[in-house]
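J.: Going line by line, the protein sequences match chains D and G.
Position 116 of the first sequence, counted from 1, bears residue number 745 in the numbering used here, the numbering being contiguous throughout.
Position 29 of the second sequence, counted from 1, bears residue number 658 in the numbering used here, the numbering being contiguous throughout.
Derived from the structure by calculation, the hints contain no laboratory data.
Please read these numbers as outputs of a predicted model, since none were measured by experiment.
Backbone N, C-alpha and C fix where the C-beta goes; we use that ideal spot for every residue, glycine too.
Heads up, some of the hints might be wrong.
Okay, the calculated bits of chain G under chain D, using three or more residues with CB under 8 Å as the criterion [as the list claims (entries may be wrong)]:
{"id": "1", "stretch": "674–686"}
{"id": "2", "stretch": "692–702"}
{"id": "3", "stretch": "768–775"}
{"id": "4", "stretch": "781–788"}
Per label pair, the in silico range of CB-to-CB distance [to be verified]:
{"id": "5", "chain 1": "D", "residue 1": "G636", "chain 2": "G", "residue 2": "M658", "range": "24 to 30 Å"}
{"id": "6", "chain 1": "G", "residue 1": "A793", "chain 2": "D", "residue 2": "D760", "range": "41 to 47 Å"}
{"id": "7", "chain 1": "D", "residue 1": "A678", "chain 2": "G", "residue 2": "A815", "range": "54 to 60 Å"}
{"id": "8", "chain 1": "D", "residue 1": "T669", "chain 2": "G", "residue 2": "A660", "range": "29 to 35 Å"}
{"id": "9", "chain 1": "G", "residue 1": "D801", "chain 2": "D", "residue 2": "A670", "range": "53 to 59 Å"}
{"id": "10", "chain 1": "D", "residue 1": "R765", "chain 2": "G", "residue 2": "M705", "range": "19 to 25 Å"}
Number of protein chains: 2
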Amino acid sequence: MGRWEPGAAGRLREAALALYLERGFEQTMVANIAERAGVTARTFFRHFADKREVLFDASAELEEKSLAALEAAPAMASTLDLVAAALDATVDILGGDRVLARKRHTVIMANPDLRERELIKIAHMSAALADGLRRRGIGDTEASLAAEAGTAVYRVAYEQWVYAADDLDLRDAIRRSFAQLRTLTA
Amino acid sequence: MGRWEPGAAGRLREAALALYLERGFEQTMVANIAERAGVTARTFFRHFADKREVLFDASAELEEKSLAALEAAPAMASTLDLVAAALDATVDILGGDRVLARKRHTVIMANPDLRERELIKIAHMSAALADGLRRRGIGDTEASLAAEAGTAVYRVAYEQWVYAADDLDLRDAIRRSFAQLRTLTA
C-alpha cells in the first residue's frame with residue numbers, strides 16, 4: 630500500500646478498501662470501486678493492474694527503498710544495523726496513514742488468498758534483503774538469518790502498530806520489536 | 630515429509646520424489662508414481678490424498694510433536710528454550726534421511742505453487758507455535774516474535790542441513806543457527 634495520494638489513485642484506494650470491508654474482497658468489482666471513487670473503470674486500470682493490486686502495489690517501491698537504504702548504510706554498520714536501516718526505509722512508505730493500513734490489514738487477514746499473497750510478498754522481500762546483505766559482503770548463512778529475523782521483527786512490529794490503541798509510531802514499533810528480539814536471545 | 634517407512638508408503642514416496650525430479654511435478658501423474666512403486670493407484674490414495682500431499686503429509690505430525698515438546702518443557706524454561714524444544718522435536722520426524730529431504734526440497738523450490746504451499750505450511754506452524762507459547766503464559770507480542778524468530782532460525786538451519794557437503798546433523802544445524810542469531814543480536 631502506498632502513501633495516501635491526492636487525486637484518482639488515492640480516491641480509488643480509499644473506495645476499494647471501504648468496499649472490501651463492507652462487502653468482502655471477492656464480492657467487490659472494479660466497476661464498484663471506480664463508481665465509488667467517481668471515476669471510470671478505465672481510470673482504475675491506469676493506476677492498478679487489478680483489484681488485488683490495490684492492496685499490494687507498494688511492494689516494488691518498498692523493495693527498492695529498503696535496498697537503497699541498505700546500500701547507503703555506513704561501511705562499519707553491523708549486519709543487524711543494515712537490516713534495521715532497510716526496515717526503517719519502509720516507514721516513509723507505509724507508516725503515514727494507520728487508518729488505511731489497518732483497513733488493508735483487516736481485508737487481507739479476512740481472505741485466505743490475500744493472506745497467501747501477502748506471505749509470498751514477504752518471502753520475496755526477505756530474499757531480496759538477504760541478497761542485498763550478501764552484496765555488502767555478509768556471509769551466506771548470516772545474510773539469510775539476518776534477513777529472516779529482520780522480517781520476523783518487522784511483521785510483529787507492523788501488526789503491533791496497526792492494532793495499537795495508542796498513537797504508536799511504526800518506527801518506534803520496529804525499534805521496540807528489535808529490542809525485544811535482543812532481550813529474547815540474550 | 631515423514632520418516633522413511635518400509636512398505637508401500639515409503640516406496641510411493643521414493644517413487645514420487647524420483648519422478649518429480651526426473652519429469653517435473655506437474656508432468657507426474659499418480660498412475661506413474663503407483664506404477665514405479667509397484668502398487669495400484671488405489672494403494673496410493675490409501676496413503677496420500679493427492680500427489681502434492683506426498684511432499685507435505687508430515688505437517689500434522691510436525692505440529693503435534695512440536696507442541697507436545699513445548700508443553701512438556703520445564704516450568705522454568707525461557708521463551709527461547711520453549712521454542713528450541715519445539716524445533717528440536719521436529720528432528721525425529723525430518724532429520725533422519727537427508728537424501729530424501731534434499732530431493733523434496735529441490736522439488737519444492739523448482740515449483741512456484743509448491744513454494745507457496747510450503748510458505749503457508751510454515752506460517753501455519755509459526756502461528757501454532759505462538760499459540761502454544763501463549764498457553765504457557767508468554768505475552769502476546771513476545772510469543773509472536775519468538776515463534777517468528779524460531780521459524781527463521783529453523784528455515785535457515787534446514788536449508789543448511791539439506792545442502793551441507795559434510796554430514797551435518799539437523800539438530801546441530803538448528804543449534805548453530807540459534808547461536809548465530811544470538812551473535813547477530815548481541
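J.: With 29 to 35 Å as the target window, see if T669 (chain D) and A660 (chain G) comply at their CB atoms.
T.: At roughly 51 Å between Cβ atoms, A660 (chain G) and T669 (chain D) fall outside 29 to 35 Å, so the hint is violated.
J.: Look at the Cβ atoms of A678 (chain D) and A815 (chain G) and judge whether their distance stays inside 54 to 60 Å.
T.: Violated, since A678 (chain D) and A815 (chain G) (Cβ atoms, about 44 Å apart) do not stay within the stated range.
J.: Three residues minimum, CB to CB under 8 Å: does the stretch 768–775 of chain G make the cut for coverage by chain D? Let me know.
T.: holds (count 5)
J.: When you take the CB atoms of G636 (chain D) and M658 (chain G), is the distance between them in 24 to 30 Å?
T.: 52 Å, violated
J.: If you look at each residue in the stretch 692–702 of chain G, do at least three have a Cβ nearer than 8 Å to any Cβ of chain D?
T.: Check failed, 0 qualifying residues.
J.: Does the Cβ pair R765 (chain D), M705 (chain G) satisfy 19 to 25 Å?
T.: 40 Å, violated
J.: When I compare C-beta atoms, does the stretch 781–788 of chain G have three or more residues closer than 8 Å to chain D?
T.: Held - the stretch 781–788 of chain G has 5 residues with a Cβ nearer than 8 Å to chain D, which meets the minimum of three.
J.: Within the stretch 674–686 of chain G, is the number of residues with a Cβ closer than 8 Å to a Cβ of chain D three or more?
T.: This one is violated; 0 residues, fewer than the three required, reach chain D with a Cβ under 8 Å.
J.: Go ahead and decide if the range 41 to 47 Å is satisfied by the Cβ distance of A793 (chain G) to D760 (chain D).
T.: Violated, at about 21 Å.
J.: Could one say that the CB atoms of D801 (chain G) and A670 (chain D) fall in the range 53 to 59 Å?
T.: For D801 (chain G) and A670 (chain D) the Cβ distance comes to about 58 Å; the hint holds.
The structure fails hints 1, 2, 5, 6, 7, 8 and 10 (numbered hints given earlier, in ascending order).
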